Amino acid sequence: MKMTVEEIAVRLGASFDGNPSAVVERVAGIRDAEAGEISFVANPKYAHAASETRATAVIVEPSWAHPCPASLIRAANPEQAFSRVAEWFAPPPVTFEPGIHPSAVVAPDAIIGSGSYIGPHVVIESGASIGARCVLVAGCYIGHGASAGDDCRFYPNVTIREHCRIGSRVILHNGVVIGSDGFGYAQEGAARRKIPQIGIVVIGDDVEIGANTTVDRARFGRTRIGNGVKIDNLVQIAHNVTIGDNAVIVAQVGIAGSSSIGARTILAGQVGVAGHLTICDDVIVGAQSGVSKDIENRGMYLGSPALPFDKATKLIAHMSRMSNLKERVAGLENRLAAIEAKAAKAKS
Amino acid sequence: MKMTVEEIAVRLGASFDGNPSAVVERVAGIRDAEAGEISFVANPKYAHAASETRATAVIVEPSWAHPCPASLIRAANPEQAFSRVAEWFAPPPVTFEPGIHPSAVVAPDAIIGSGSYIGPHVVIESGASIGARCVLVAGCYIGHGASAGDDCRFYPNVTIREHCRIGSRVILHNGVVIGSDGFGYAQEGAARRKIPQIGIVVIGDDVEIGANTTVDRARFGRTRIGNGVKIDNLVQIAHNVTIGDNAVIVAQVGIAGSSSIGARTILAGQVGVAGHLTICDDVIVGAQSGVSKDIENRGMYLGSPALPFDKATKLIAHMSRMSNLKERVAGLENRLAAIEAKAAKAKS
Amino acid sequence: MKMTVEEIAVRLGASFDGNPSAVVERVAGIRDAEAGEISFVANPKYAHAASETRATAVIVEPSWAHPCPASLIRAANPEQAFSRVAEWFAPPPVTFEPGIHPSAVVAPDAIIGSGSYIGPHVVIESGASIGARCVLVAGCYIGHGASAGDDCRFYPNVTIREHCRIGSRVILHNGVVIGSDGFGYAQEGAARRKIPQIGIVVIGDDVEIGANTTVDRARFGRTRIGNGVKIDNLVQIAHNVTIGDNAVIVAQVGIAGSSSIGARTILAGQVGVAGHLTICDDVIVGAQSGVSKDIENRGMYLGSPALPFDKATKLIAHMSRMSNLKERVAGLENRLAAIEAKAAKAKS
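Residue numbers (the numbering used here), protein chains in the order written: chain A, 1 to 348; chain B, 1 to 348; chain C, 1 to 348.
Extracted from the complex, chain A is given alone in its bound form (with noise of 0.2 Å):
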């Protein structure tokens, strides 16, 4: 795939300066762009990395003056654009044929929906159905009794324990793992002896999980993951957690055993969530933050105890004047001391 740079401009219906004929062959981040490539610049941040970008095109706001080696292309809208640019220089997607791959171990009483693909070696087991047009990549397995709905894509090794339910248009990246035992032990002396782990996991639809991210099977009754629920990446999900529709929890959250997750709540990066408590709907949780307290009303929270933003900010902001606090304390005992002598002075 090759385009001018005036083929592009046009094809956008955008205006542009340089070389027309300039020829684009991919597209790239603005700092790591090659020449052949595109890329884009819509937040002014990233001026200084325009002028010393060496890609062959960059789509700019009309309004662009900053200095930059490339042609320029101007739309009113640079991100948007380059996205469709972006799309078309992508190679086709990857497609799976529907059919078993001959390598795969298939239990005679599981039940496969018409369209599906099942990859190399993959495993499942007996009582496990799949629904209609599934993709399971190579390597995946799929245990005893367990489901899936319809237009499902599980990537390469994904593994789902015994009798879990997954939804429809669920997504799970490489190397996820729904069902595993919760982390339960009860104490004999010094010794700990498990607690049986019998419920499931069951997880709604339109769900998407990030890759190596773990959701542990309930002690008893279910792990439940809401419809339109996005988890990123390497993400802790204990047993008997429940988490609401369209909540987004991002890479290397964990969340403890039993506690609840309000709907379309969001937990930034690496937040941890103690056991037994609830968030409720619409937070906001910042990025490293750790939940010790339940959270009854809406909006943003921050720090480890996580507080709400504005507590949180001002307690950030009062700690780097710390030593401008103890500064004034030092000035006031002197000047106290001052007082005092010069008191006992005039008394004696």
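Check each hint, because a few of them may be wrong.
If chains are identical, the list can't say which one is meant, so a pair holds when it fits in one copy or spans any two.
Dumping the calculated SDA-like pairs for lysine to any residue here, alpha-carbon to alpha-carbon at most 20 Å [to be verified]:
| no. | residue 1 | residue 2 |
| --- | --- | --- |
| 1 | K347 | L336 |
| 2 | K293 | L315 |
| 3 | K314 | R328 |
| 4 | K314 | P91 |
| 5 | K194 | P93 |
| 6 | K45 | G262 |
| 7 | K314 | V106 |
| 8 | K293 | N324 |
| 9 | K314 | K326 |
| 10 | K2 | P20 |
| 11 | K293 | G262 |
| 12 | K326 | A337 |
| 13 | K293 | T313 |
| 14 | K314 | A330 |
| 15 | K311 | E296 |
| 16 | K194 | E208 |
| 17 | K293 | H48 |
| 18 | K345 | P305 |
| 19 | K311 | M300 |
| 20 | K194 | R153 |
| 21 | K314 | L325 |
| 22 | K326 | L336 |
| 23 | K194 | F89 |
| 24 | K194 | T95 |
| 25 | K347 | P305 |
| 26 | K314 | N324 |
| 27 | K45 | H276 |
| 28 | K293 | C280 |
In short, the hints are calculated from the structure, not lab data.
A quick note: this is a predicted structure, and the numbers were derived from the prediction, not measured.
Guided by the hints, dock chains B and C onto chain A, whose structure is given.
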């Protein structure tokens, strides 16, 4: 499986209020339960949830007097009674018949104990040995010369590198990695040369390790996990770490190289432990803490850097009162300025 | 492999105290060593451990005068001497003979370089290419059109999505995921629509990536990991991130989308980096820190939010003295009140 409220109460030796012939088919958490399900409330914190539950039946204490729309079964220990009920309704546990699946690749000189199940696509390399009555579910990999004792269960896609040694009755959940190289380099100018990681991992008896957790092999000698240790999901154990018997390591903890964790010590979720440290026996480190020094006395620790629990909570309390302290200092400054102004006036 | 203390000392050109004919069979850490094992002490911190060791022999400095029950071998650089000994006792490294295992599924148009080993159950999709002398251990997956250079080693269950490009001499440990979709959605009411992730991942030469680490493909263009970069276990690299040559990323770090990490920069364990940031070359960020702003000057940074090292440690010192500051303020208040009371009395 279906039982009426009356049948459940009789079998538990418990009394009940409500509809004796209401039918229960499954168990669930109080907030998550639907019609046809039975739940329980042990913690008064969940009284509100009980008042809104959709469960058909709820197990409560004999003296329970909060509103609840479900039929109530009154038992002396609701949680324990519920555990019994949950086991009645649980699907029979999945069993794997002894034998080696024809798609498994087992080296001719590998030893497989009697009664063991070797699932589809499992690979067992030369010189490895697996004890009696083990279950290796699909896709597991046992490296050259590695060994496992009796009665182990390795869930799908567990991988164990060469020469590592696993005890008996060890459970490794999906995606666990044992024996990956430690993270060790010698600097050579700007670049780094890999230091050979020629040690192993040794895991005791009765250990359980959660999904996608990684345990690095030693640079030399061994990374050692004691008997009865329980490790949750997505934990990182670096090279040459030693974990004492019956320690508990919660999800997403990271322990850096050559550190030693005492017996029965508990590291809560997302804790980090720096390298070359010793944490003694019977310590509890609170969630998200960062241990940057040896811990020589049993007890609780919290914070990043971690402090003894009392100091850490006092510090958090002080910080939350910082704006108050700032106001007190400002008040002192005003009062002192007034005294100084008066003194100056008196002098002039 | 067995050697006597005398044989080891002679081969090292070192002197020794104790039993010349004591037999050594393995190496181990000083705290962990058993009879029949040899260890070393380089750091005086371990003198106490040396006094309690069960090792048969310990390598120490020539001037070592602490008590130790083992035979002592005295070498100028105990750590280096021990490294040599550890290599003598190490089992021969595992080798994999070139060839394609019959259970591997390799697309007819995939290219496999000469001398490469393609292990059991490996899947190589159409259009992919693997260089010369590579080792792909069991269960790896190479997506459509993906490529790897020469002399790479991919441990079990590494999965690489379509079109990603890996350099030469790259080591990917068990369970590494390269090229999973970036975490990008456009909000549509309460729900989120997936933004196609049509870029790739490009990894340079001499890179090593730890077990179960995930690297997302770019939204467009490429997520780029430079030459010589070393990444530890369970790290999350988001879409469109750029990592400069010879950077070091320790375990459980998370780098959010579109951020750029400089050459030779070191991120210690559990660090988080927010999205769209630039960290310059030659920076060291301390463990558990949270980087929320660009870092424009080389040096050390610490804390969440991360500050220059001096400021951060001063802040920690201030915080640990907060109860002292509170007492000083209370003292000032008492003294000032006494002065004010006296002044009021004098006036009346």
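So, going through the hints one by one against the coordinates:
no., hint, verdict
1, K347 x L336, "both (17 Å within a copy, 17 Å between copies)"
2, K293 x L315, "both (18 Å within a copy, 18 Å between copies)"
3, K314 x R328, "both (19 Å within a copy, 16 Å between copies)"
4, K314 x P91, "neither (49 Å within a copy, 52 Å between copies)"
5, K194 x P93, "between (45 Å within a copy, 15 Å between copies)"
6, K45 x G262, "between (34 Å within a copy, 18 Å between copies)"
7, K314 x V106, "neither (59 Å within a copy, 59 Å between copies)"
8, K293 x N324, "neither (32 Å within a copy, 23 Å between copies)"
9, K314 x K326, "both (18 Å within a copy, 12 Å between copies)"
10, K2 x P20, "within (13 Å within a copy, 75 Å between copies)"
11, K293 x G262, "within (14 Å within a copy, 29 Å between copies)"
12, K326 x A337, "both (17 Å within a copy, 18 Å between copies)"
13, K293 x T313, "both (19 Å within a copy, 15 Å between copies)"
14, K314 x A330, "between (23 Å within a copy, 17 Å between copies)"
15, K311 x E296, "within (16 Å within a copy, 29 Å between copies)"
16, K194 x E208, "between (31 Å within a copy, 9 Å between copies)"
17, K293 x H48, "between (44 Å within a copy, 17 Å between copies)"
18, K345 x P305, "neither (51 Å within a copy, 48 Å between copies)"
19, K311 x M300, "within (10 Å within a copy, 27 Å between copies)"
20, K194 x R153, "between (34 Å within a copy, 14 Å between copies)"
21, K314 x L325, "both (15 Å within a copy, 13 Å between copies)"
22, K326 x L336, "both (15 Å within a copy, 17 Å between copies)"
23, K194 x F89, "between (53 Å within a copy, 19 Å between copies)"
24, K194 x T95, "between (44 Å within a copy, 18 Å between copies)"
25, K347 x P305, "neither (52 Å within a copy, 50 Å between copies)"
26, K314 x N324, "both (15 Å within a copy, 12 Å between copies)"
27, K45 x H276, "between (42 Å within a copy, 10 Å between copies)"
28, K293 x C280, "within (12 Å within a copy, 29 Å between copies)"
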